[in-house]
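Let's have the full structure, built from the sequences with the hints guiding it.
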Amino acid sequence: MIELRVNGQSHNVSADPDTPLLYVLRDELQLNAAKFGCGLGQCGSCTVLVDGAPTLSCVTPIMLLEGRQITTVEGLGTAEDPGPMQRAFIEEQSAQCGYCIPGMMMRAQGLLQRNPRATDAEIRAYLEPNLCRCGTHMRILRAVKRAAAMMTGPDASPSTHTPVPASAQPDTSETDGDSQRDRRHSEKRERPER
Amino acid sequence: MSKALVRGISRREVLRGTGALVLSFSLTPAVVLSQVSATAGPGDPGGGKLPGSLGKNPLLDAWIRVDADGKVTAFTGKAELGQGVRTALTQVVAEELEIPFEQVSLVTADTSRTVDEGYTAGSHSVQDSGTALRNAAAQVREILIGEAARRLKMPADRLHADTGAVIGPNSARITYAELVSANLLHVDAQPVSKLKDPTFFKVMEKPIQRVDIPGKVTGGGAYVQDMRLPGMLHARVIRPPSYGARLLPLDVSNIEKMTGVVRVLRDGRFLAVVAYREFQAIKAMQALSRVAKWEEVASLPSQARLHGFLLGLPAEDHVILDKHDGAGNVGKPVEATYTRPYLSHGSIGPSCAVAHLADGVMTIWTHTQGVYPDRRAISEMLGMPADKVHCIHVEGSGCYGHNGADDAAADAALIANSMPDRPIRLQWMREQEHGWEPYGPAMVAKARASLDSKGRIADWDYGVWSNTHTMRPGPAGSLLAAQHMEKAFSPQEPEPIPQPEGGGDRNAVPLYVLANARVTHHFLRQMPVRVSALRSLGAHMNVFAIESFMDELALAAGTDPVAFRLAHLDDSRAREVVTAAADEFHWADRPTPAGGHGSGFAFARYKNLAAYCAVAMQVHVDRDTGWIRVLRVAAAVDTGQVINPDGVRNQIEGGILQSLSWTMFEGVTFDNTHITSIDWSTYPILRFGSVPESLTVRVVDRPGSAFLGCGEAAQGPAAAALANAVANATGRRIRDLPLNAARVKAATSV
Chain X
8 MIELRVNGQS
18 HNVSADPDTP
28 LLYVLRDELQ
38 LNAAKFGCGL
48 GQCGSCTVLV
58 DGAPTLSCVT
68 PIMLLEGRQI
78 TTVEGLGTAE
88 DPGPMQRAFI
98 EEQSAQCGYC
108 IPGMMMRAQG
118 LLQRNPRATD
128 AEIRAYLEPN
138 LCRCGTHMRI
148 LRAVKRAAAM
158 MTGPDASPST
168 HTPVPASAQP
178 DTSETDGDSQ
188 RDRRHSEKRE
198 RPER
Chain V
2 MSKALVRGIS
12 RREVLRGTGA
22 LVLSFSLTPA
32 VVLSQVSATA
42 GPGDPGGGKL
52 PGSLGKNPLL
62 DAWIRVDADG
72 KVTAFTGKAE
82 LGQGVRTALT
92 QVVAEELEIP
102 FEQVSLVTAD
112 TSRTVDEGYT
122 AGSHSVQDSG
132 TALRNAAAQV
142 REILIGEAAR
152 RLKMPADRLH
162 ADTGAVIGPN
172 SARITYAELV
182 SANLLHVDAQ
192 PVSKLKDPTF
202 FKVMEKPIQR
212 VDIPGKVTGG
222 GAYVQDMRLP
232 GMLHARVIRP
242 PSYGARLLPL
252 DVSNIEKMTG
262 VVRVLRDGRF
272 LAVVAYREFQ
282 AIKAMQALSR
292 VAKWEEVASL
302 PSQARLHGFL
312 LGLPAEDHVI
322 LDKHDGAGNV
332 GKPVEATYTR
342 PYLSHGSIGP
352 SCAVAHLADG
362 VMTIWTHTQG
372 VYPDRRAISE
382 MLGMPADKVH
392 CIHVEGSGCY
402 GHNGADDAAA
412 DAALIANSMP
422 DRPIRLQWMR
432 EQEHGWEPYG
442 PAMVAKARAS
452 LDSKGRIADW
462 DYGVWSNTHT
472 MRPGPAGSLL
482 AAQHMEKAFS
492 PQEPEPIPQP
502 EGGGDRNAVP
512 LYVLANARVT
522 HHFLRQMPVR
532 VSALRSLGAH
542 MNVFAIESFM
552 DELALAAGTD
562 PVAFRLAHLD
572 DSRAREVVTA
582 AADEFHWADR
592 PTPAGGHGSG
602 FAFARYKNLA
612 AYCAVAMQVH
622 VDRDTGWIRV
632 LRVAAAVDTG
642 QVINPDGVRN
652 QIEGGILQSL
662 SWTMFEGVTF
672 DNTHITSIDW
682 STYPILRFGS
692 VPESLTVRVV
702 DRPGSAFLGC
712 GEAAQGPAAA
722 ALANAVANAT
732 GRRIRDLPLN
742 AARVKAATSV
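Protein sequence lines correspond, in order, to chains X and V. Okay, so the first sequence: first residue is 8 according to this note's numbering, each after it adds one. Okay, so the second sequence: first residue is 2 according to this note's numbering, each after it adds one.
What the hints contain is simulated information worked out from the structure, not anything from laboratory work. Don't take every hint at face value.
Claimed, not checked - Not close to chain V: a few residues of chain X, all C-beta gaps over 12 Å, as computed:
hint	residue
1	Arg146
2	Ala156
3	Thr159
To be verified - To list a few chain V residues with every Cβ distance to chain X over 12 Å, as calculated:
hint	residue
4	Val292
5	Ser345
6	Pro499
7	Val692
Claimed, not checked - Not everything, but these chain V residues come out facing chain X in the computed CB check (under 8 Å):
hint	residue
8	Ala299
9	Ser300
10	Leu301
11	Gly350
12	Asp647
13	Leu658
Treat the numbers as computed from the prediction; the structure is a model and nothing was measured. By construction, the Cβ of each residue, glycine as well, lies at the ideal position given by its N, Cα and C atoms.
Structural data, given as structure tokens:
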């Protein structure tokens, strides 16, 4: 048994010590956010934080992680009470298929926890290891900037979060009057039919 | 040119100016009734035919059901592929049915619940299913109003629908829940619907947030990869090292003894392991890979001479355009040859499926693009009746065409078929996805044209050489598992996709006005590399070639590239999109090409049938390294009636970035026997360091017009705009994809 500390909770896990963290998160702890993308440490979709540092969970065996603080997207907030990074990705609609997004969020979280005033160039450079195939990059960059603004602003804590009214959302539209951001906050969540 | 002139006056601007008026009168029947038009609406195909996919099943309750509790369920045969179609289709239903967006749930592709709408492909979902749902919702609304009229004993034209109820004079109000009865909606759709006037849209044309994103960014179970069924086991397949490899005698006894291994399965050259835990399955897969020995055949052409090889293959020539006005006397021809390598879909999440054989029914949860065709293929492979195979779409990682999804579904089904009552979760490894998915075909295009004395195109001759762009399921032989099992199925005979949509010849016919033109599709049957549909099919290559060539002709004519295009366009919507992109980019004021800076422009209407898209791009090329930096991109799109403007933007932004990746970085590599691009180090794609510094999309407003699919509109124009910008920046034209640093450096240093 190895004791892992994930999102502030301790878990005694039974997987073999050479098992990469990703499979323990997904199979044993039933956490969905970290994704299998390559198993080779090449794409970043499995990124989690270990003691605050972005770490590729698909190539990090659990025997190296005892006593370390592991954070996944589930540790940033919930659908009902999303944290700043999650809110930023929702507000900027920064996903297409969304498969790479949890890894993007955790890498960005690692950067902003160290440096919430990261410049555009620093954000781009920091996200370089993570791949997106849908071409959502522009929106991901916008979301990270928005998250940074939230983290340095007054509503930084997830627990004090109140939904941003549509009227309070800045008009980030690129071009014309049609893009007034009168988006609704939909509370509805769709799940695959099981 | 001002934006207002380009777009016309937006009806929303008008509405905004009179918002109070609209609000204060919006509950009166007279105004509300004017929201619907009794005339044939967009999507009405005429001639008594049913709009969109309604013809595939005309029963209204196959598309929309209203429960006794008032909840509305809509059904689409299309699948969410990560492009936001779930949200868009929900908006359509909510709008026409006059019910709050949150109260509509949408069931997507499922062989036991939804209409067979074929594949979710070709930018057809909104055009076909959106049109069907919009018309169905409008007709359901009118049936409910009619039922209320009967009960209230008053004419239907004094009633209107609002927020899930029918409203009449004197506070009369009957909810849909009260109105609906068993067979009320079990009636055939009519060809013509009373569609709402876009002026009164409350849900459509609004950038409503996608319903799937909150779950996806908070660790919700969003993908087939996230499914966990009780008693579920994890499986991995061991694929041959090359296409034709034959498995030699094999001893699996040591693998069977490994920790957690439940089963080692061998059926012909189909090999799989099943274990309790996923990583146990992976370790068993790795061990089995080491002991499996194969006899291989060197069956692949030389990659270095690939395009010569393709041109040398026997070709079936289809002349798809041949027009002559008899004029002769043309100038010196301009000629060019363009090439594209095989391209990988490269989904970030390797393909996955869960299959479960229970009570004689095989249920498969899959991220396929076509649950019905997949069911046909898998039932044929297993020798089971189709009605005993149930395929349910669950989202996967973005697919971009025919990737490994169907093969993974077949793999899972073949394993589950030998292990009844145990749900089997099967996921491919990265190297399997990269090595075995069907690629977008390598292609060659040759263009030849001459200009008249006024600098217009006098004649045009274009040919494109390509394999088929669809080897999708339907037949079992399309599936790897079926090809590899002992009782092997052969792949189907490849066929070209006919015009006007086309496959390899998709967008091979330019939208430009050409007095003399010949376009030939040289269809290649022989396929040394496994290929099928990659997003936009041949349009990426044909638009890259045609729009590169248009710039070469504009240069020869000494004309501005945008002006040259406009001089050959008479389609007013095409002209407007070209003008809008030029305006958005400030084309007239673009920097003079100097110091490695340059600008490029390109345009196409996808399939000549779907959305119009123009892209302008500014780049900087570093001559020392060949590295391209994309500084600025401006695009314009006309996708007809917009459902969700942010969704349209997301598709165009994504299409441009994905195309930049294909065009700057990508190409499948191989030796004589093996595919050698098997991961992200051997198949590099776009990273953040190459993402444009700015990207804007102008959506040209077309209220009241038909839906035009936009999911694949940007790929071709983005590719050509990049190539044109690089040519403008360097003075050298690169006609072979990808425009990677090595190639750009080589081209600019000679």
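To see whether the hints hold, each was checked on the structure:
The Cβ of arginine 146(X) sits about 7 Å from the closest Cβ of chain V, inside the 12 Å cut-off, so the non-interface label is violated. Residue placement check: alanine 156(X) keeps its beta carbon more than 12 Å from all beta carbons of chain V (closest about 17 Å). With a least CB separation of 20 Å from chain V, threonine 159(X) remains clear of the 12 Å interface cut-off, as annotated. Valine 292(V), annotated as away from the interface, keeps every beta carbon of chain X farther than 12 Å; the closest lies near 20 Å.
With a closest Cβ-Cβ approach of about 10 Å to chain X, serine 345(V) is found to fall inside the 12 Å limit, against its non-interface label. Distance to chain X confirms proline 499(V) as a non-interface residue, since its nearest Cβ pair spans about 30 Å, more than 12 Å. Non-interface status of valine 692(V) relative to chain X is broken: a Cβ of that chain comes within 12 Å, the nearest being about 4 Å off. The interface hint given for alanine 299(V) is violated, since its Cβ lies 27 Å from the closest Cβ of chain X, which is over the 8 Å cut-off.
Because the smallest distance between the Cβ of serine 300(V) and any Cβ of chain X comes to about 27 Å, over 8 Å, the interface hint for this residue is violated. Among the interface hints, the one on leucine 301(V) is violated; its C-beta lies about 24 Å from the nearest C-beta in chain X, farther than the 8 Å criterion. Because the smallest distance between the Cβ of glycine 350(V) and any Cβ of chain X comes to about 5 Å, under 8 Å, the interface hint for this residue holds. About 6 Å separates the beta-carbon of aspartate 647(V) from the nearest beta-carbon of chain X, less than 8 Å, and the hint is met.
Checking leucine 658(V) against chain X: minimum C-beta separation of about 3 Å stays under 8 Å; hint holds.
Violated hints, in rising order: 1, 5, 7, 8, 9 and 10; the structure is consistent with all others.
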